[in-house]
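Construct the complete structure from the given sequences, taking the supplied hints into account.
Top to bottom, those sequences are chains A and B.
Every letter in the first sequence is one number past the one before it in the numbering used here, and letter 76, counting from 1, is 76.
Every letter in the second sequence is one number past the one before it in the numbering used here, and letter 132, counting from 1, is 132.
What the hints contain is simulated information worked out from the structure, not anything from laboratory work.
Among the hints, a few may not be true.
[Unchecked claim] Partial selection, computed: residues in chain B whose CB lies under 8 Å from chain A:
1. T29
2. S107
3. V148
4. A166
5. S214
[As the list claims (entries may be wrong)] Computed spacing ranges between beta-carbons, pair by pair:
6. A:S141 with B:A92: 34 to 40 Å
7. B:A71 with A:G107: 28 to 34 Å
8. A:M1 with B:L136: 47 to 53 Å
Keep in mind the model is a prediction, meaning the values are calculated, not measured.
Ideal placement from N, C-alpha and C gives every residue a C-beta, glycine not left out.
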Amino acid sequence: MPVTVAFSEVTFGYGGDPVLSAVDLTLSAGEFVVLAGPNGSGKSTLLRLCAGLLVPESGVVRVLDGSPREGAIRRRLGYVPQGLRAPGIVPVSVREVVGAGLVPARGLFRPLRDTDWTRVNGVLEAVGMSELAAECLFELSGGMQQRAMLARALVGEPEVILLDEPTTGIDQRFRPVIVDELRRRADRGATVVVVTHDPEDFHHVVDRIVVMGEGNLRELAHDEFHTAARMQ
Amino acid sequence: MRSILFSDFAVRAYIAASAVGLTAPAIGTFLVQRRLSLIGDGVGHLAFAGVALGLLFHLTPLWGALLVALAGVVGLERLRASGRLSGDLSMALVFYFGVSLGAVVLSGLNRFDASAIGILFGSVFTVSSSDLAVMLALCAVVLVGVVVVYKELLAVSLDEETAQAAGLPVEALNMLTVALTALLVVAGMRAVGLLLIAALLVVPVASGSRIAHSFRASMLTAMALGVASAVIGLMAALVQGRIAPGGSIVLTALAFFGLSMALGRRAFRRHPGRLAR
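Structure, rendered in structure tokens:
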């Protein structure tokens, strides 16, 4: 499968404190990857570098054969930061939030079409939120808001999906729905990268497990991961 | 009574105030969502300095206000985006700079008179046909701008970081938002005054947000309430004869806000899907 994400000797830190030290990582299309590790180990930083929101101090990040800071590349990514919640002043419906995920794909100054709204309805069904499409997002629970944010990231059929703690706050009943949908995306050729403190949610679907710590990466075998997940 | 309500000057005033009442909440909805509700105040005070500088350099007040307001908000947005000043501190500094510069220049020119009061609180009944044409043109530019980039502005107002990660030109869109705000403030200078135009950017949006279920419905409701506030407020001023129309328009908008608080979103629960998209 073609390489979609390539970190080469990437070093990054905040205010002189190194977080990543000469990190190498290669991910391919169709891979479902979990990034695990303790707080402050650089998981979210790695995801933000991948999304082009941070620039490495040294080394190179390539995504989809280009720089993740290029607009044309960014439009092919789906990204949900940790703890994203709806701003709670002007009401925004669930359908509007998910529709916003199609804005980059549709292009500047072009209104969304009926086919786009059909895609919105489809992804809402996939995350189990069809009946909440017209509801005001900030009046829903944190878990429901998180599912809507995931739907927004997925609606544009991104080739690289970057999710920071995607199951946090989501009811246990709905977690398998989200995880299975992500697996389907990977099976269709997307690279799925998930940062999580709950690896147990993903152990049955994941292809690779990368553990971060002290600025470096270490790949876990599946049996090691299952043991670690059960111990969490 | 009827002849006053439908006289030529009253009709021009209705059209001018309604245009501003319709347009202000359209751009104001994005400002409120991004917690920039007070930016209209800052721009209004910059425009006051612009009017004074226009008089000093023999420009028409409108052009002076437009130039200074546009330059000011672009600078303000750059300061905010660079993180060198927090949003509310930069606005406060601009607020004080604008009003003090305007007061100093106008008093130095011996023009700190009724016309200055008209700039601050509006003088919609003295709007000429040419004034009206300029106001309508400015409002049309703002409305067209909002319609053309509606979906992009909505995506940015939901979350800047995600919008940036998705490849949207966030900085340019933010600049466009404040530039459209500056145009609207200048358009509303004669209708409700520079001190009160900010209220029309915010108050109808606050009302719409209390009763609607979606962003689009909030905006459309706010625009309708903006027009209703303009017409009812003007009628009250015409009937009473002495009260300032700018004040009566904003007080009407605030009355609608009180009503929306009393009704709440649940009052409109039966039709959540009607304006949801």
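Verification of the hints:
1. T29: holds, 6 Å
2. S107: violated, 39 Å
3. V148: holds, 5 Å
4. A166: For A166 (chain B), the interface hint holds, since the closest Cβ of chain A sits about 4 Å away, which is under 8 Å.
5. S214: holds, 4 Å
6. A:S141 with B:A92: 34 to 40 Å: holds, 37 Å
7. B:A71 with A:G107: 28 to 34 Å: holds, 31 Å
8. A:M1 with B:L136: 47 to 53 Å: Violated - the Cβ-Cβ distance for M1 (chain A) and L136 (chain B), about 58 Å, lies outside 47 to 53 Å.
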